[in-house]
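Protein chains: 2
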Amino acid sequence: MMCTVCGCHDHDHDHDHRLIAVEQDILGKNDAYAADNRRLFASQGVFALNLVSSPGSGKTSLLVRTVAALKDKMPVAVIEGDQQTEHDAERIRATGVAAHQINTGKGCHLDAHMVGHALEHLPTLSGGALFIENVGNLVCPAGFDLGEAHKVVILSVTEGEDKPLKYPDMFAAADLMILSKSDLLPHLRFDTAACVDFARRVNPNIEVLTLSAESGEGFAGWLEWIETRRAHCD
Amino acid sequence: MMCTVCGCHDHDHDHDHRLIAVEQDILGKNDAYAADNRRLFASQGVFALNLVSSPGSGKTSLLVRTVAALKDKMPVAVIEGDQQTEHDAERIRATGVAAHQINTGKGCHLDAHMVGHALEHLPTLSGGALFIENVGNLVCPAGFDLGEAHKVVILSVTEGEDKPLKYPDMFAAADLMILSKSDLLPHLRFDTAACVDFARRVNPNIEVLTLSAESGEGFAGWLEWIETRRAHCD
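Residue numbers (my numbering), protein chains in the order written: chain A, 1 to 234; chain B, 235 to 468.
Bound-form chain A, shown alone:
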């Protein structure tokens, strides 16, 4: 019922030492599980992406369109993370692509151990791509390596351009920022140039793509990004 990531211990000095010990222990174990996942992906030539964002940024719609476009070109599968429901995995499976749902219950992010177990439920993806959709949360998933090649942060243009400054850890951890729901731009006051500037203040090397999973605008660039990065990881 509390997050040690939140710095609660700054306000509650009594259990500083216990919190720090528990945090270091959990992160250390997560890193070991993440290294196991990464070794497995490398041995099978699997390109794994960890998709992170707020709830409702359109991660699942993005993935539905993405796997539909890729599935005849390479093996693909999806791991879905949510507190509750099997909805997202069902949406992926409707495309004919394998998906495994992780329900985290009270949990606010996936960890590498959960992902390792989820892999047991999916086909081997030799030479293919694995998409891991994290729990919708712009804070907690930032600190957890799942063994992915890249974290991809999705920010819908309805959320406002200031989010990279307000949630900097996530944008610092990601290699790519996708500005999603671009079909809604005509109805919003969203300053794309300012958003990119804010993201690069916290992460000078972050790449940026703008797209709509609804209209398909910008999708070719995203598929090309996947193809190029995947070739790199072979």
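Each hint can be trusted.
Listed next, the stretches of chain A that the computed footprint assigns to chain B, with coverage defined by at least 3 CB atoms under 8 Å from CB atoms of chain B: (1) 74 to 86; (2) 128 to 139; (3) 168 to 181.
Hints were generated in silico from the structure; no laboratory data involved. Fair warning: this is a prediction, and the values are worked out from it, not measured in the lab. C-beta: ideal position from N, C-alpha, C; glycine also.
Take the given structure of chain A and dock chain B to it, following the hints.
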């Protein structure tokens, strides 16, 4: 760097007992601080609301319009929670209303102790209203009582109607769900009736208001809700 709320310990039995002890300790202390805040609010006749949502749901725009409408009728002030930046407090202050910004750093929610200290920076609000804008996060703030009269969950219609089922703890903890950004409904496939049905599955008593801080649609109902509930708390 980890959230004990997330159930990591289900996967990592070694530190179960430490985690549970730390969680109980922190929640117990938070509840004591929340009780202090609640006593203070009661003694001064302050009506306090805890606004929770995903990042980018429009909480600050909602508050800017709300405090502008209320400030000549009653004392009002705002506590803003974000990981970083003073932007939101500045937006509130531009209306002439007092605001105090809490930056949580790596933290993913406000706690009652932070709010107690923030009150030291605000004028006394005898007979007035205090709005606490939590960190944008549909998971972690659910478990933390700040001493508020009500949690109000804001869900922007761009986020999709399934969120109450996917993040049920937050919708169970709230007394009111505000469906925000209703001006965008003509451009979206968002099923309002389904969303309300999903919210009531996890919280049969939740009230629902639909509004736009952009167009002002539905705002009179929100101001009336505040007035009615505030009268109740006198």
